[in-house]
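**Q** Chain by chain, the residues:
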Amino acid sequence: MTRFESSLRRGLMDANLAQYERVLQDADAAQPDFSPSYLRERMRLLADPWGWMRRREAAGPRRRRRLDWRVIAIAAALLLLSACAVAVVTGQFSQWFPTIWMDPKAPEVSEEIVSRMGTVIGEPQTVDGASVTLNAAVWDGQELRLSLTADIPDLPEDFSSEAPFYDLECRLRLAEHQREAYLRKEIALSHANSHIDLTEEELEELVQSHLEYPDDPDFHSVVRAARQEDGTLILQVMAALFDYVEDPELTLHIENLATYKVEEGDDGIFTSSRAPDGTVTTDHEINGPFLKGPFDFTFTLDNKLSPISYAGDIDATYENIPLRVSKITVMAFQVCANVDLLALLDPTGEDPDKLHISLEQNLAMSLNGLWTKDGEYVECIGGTAFSVEQDGKTDGEMRGNPVHVIDPAQVTAVCIGGKRVELSELTRLDE
Amino acid sequence: MLAMFLAMLESEEDQRRFTKLYEAYEKKVYAVALRILGDPVRAEDAAQQTWFQLLKRWDRVSALPWEETEGYAVTTSKNCALDMLRAERRTMAFPEDWDPPAPEDRQDEYDYLVSLIRALPEGYRRILELKCVEEQTNKEIARRLNINESTVASRVMRGRAMLRSQLKKEGYAYDAV
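If you read the protein sequences in the order shown, they are chains A and B. According to the working numbering, the first sequence is numbered sequentially starting from 1. According to the working numbering, the second sequence is numbered sequentially starting from 1001.
These are computed hints drawn from the structure, not numbers from a lab. Treat the hints with care, as some may be off.
Which bits of chain A does chain B cover? Going by a derived footprint, with three or more residues having C-beta under 8 Å, they are [to be verified]:
1) 2 to 10
2) 13 to 20
3) 24 to 30
4) 38 to 47
The beta carbon of each residue, even a glycine, is placed where N, CA and C say it ideally should be.
Start from the sequences and build out the full structure, keeping to the hints where you can.
**A** This is the structure:
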């Protein structure tokens, strides 16, 4: 975005603030005599904003908000951190990545799978006595994990590795020569997935506007501590990195790492965001940094375990919910399926002529397991997100996280709503 | 189960942010709609439509720096109220002529740009707001205003050009003016 475009955007808003200045000044002191129906709607709106939005949306042919699975997937990985106390340690990657779920029955198989998708880096850097080594990366074609070992001699005594991290000063950037290609593919795919037509000119305009921001593409990277032994921390970085470019060259920049101040009564949600102009907003106080940089690690991902996709047309009807699966993608950390709902969806449960799907049904009909060549059944944890299009068509995406890392090439079938779907009956897309 | 649970967590955090926005601007959103529509009942409808639009675009709205949220909410409210006027066919033809004001003494380039925007014919200003602030596509704007997509594209281009040209004429050095 040029300076003119940026000023124009802000200027258009400020022109309205100036135009209605008097109205806005008087508004706060005013006591509008809102009607009872308005007040009722306000109560419903504030009690459940998105439910209110969906009910209002159901009254007209508008698009429904799609869940951002990339963010959810990373958040899922974060929650797994708290459940990894019994992680199986069999090799180097297991030690570097204690957050990856290994198969307790065959840890050496899991270690071998992770090593095939891993890039050993082993680059140490020291700033003011604190030494950080970027150990390795593992990548399943959609999700990147990095392992770092930080030796911090003056780690604050009250530091807790379980405290939520303020990690906005830690950024993952793609090499300049790969950004444009990555953004072009990301923007084109995101619009195509949302059934929004983009002309070549519009795509080009969007790509160029994103290129203005050095932090684009945003990989939603997050940092957490996986293990602490005195002043030594094993840190994990998780990011949503898609295989849009070959051998991505990345730089991990750590300016500072800090923890949020946790107070009694906190709801456990700690968020900060950075606007395109660099302004940071945060909803909790932040402790002084426990790790001060800057550290910059530049590396190229040599290995990944590529996702394997299958296309077809599979009846996956569950109870009274008519579903067809058109695509299944298997990755090391997750499996997803594109589905079409062959009925009109009523998100509110208030329209008897349309189909309502309860949360229990959503979970039960989803991608809840897979089978491997050796006959093992691996449970998956996930759900389904639906999106209602303007023409009433409803499509959705099922996601499931296997309870241990898998080799996509070893998966023979998936379980959707309790029904076994053989991948051999579908067309493998990369062959 | 886990993914669904996390989706709910995300909503809780979003809900808190939304409540903060609502409490800060509820009266302002309503007041702007009332000024445009002149009818409290219709203004309530426009205000609710504004909150609906802000929720629909929550990914974008939640990423705005706080100091920009008031301008964004007010702009959305204004456009929702104008949509209602249009739907009721009560809208008046906006004047198309452009009589840009001269800059005031020592007025800096941004303040002058804002004054130019205020003087811009509403037909251009509204389309620029939908394009640049609400980030709608030409197709979405065309559908919303019931005009041709090509008209939207030409007005966006012409509106920008009118502003740039006047800035340049008065000696302001925005990039690539």
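**Q** Each hint needs a verdict: does it hold in this structure or not?
**A** Verification of the supplied hints:
no., hint, result
1, 2 to 10, "holds (count 8)"
2, 13 to 20, "holds (count 8)"
3, 24 to 30, "holds (count 5)"
4, 38 to 47, "holds (count 5)"
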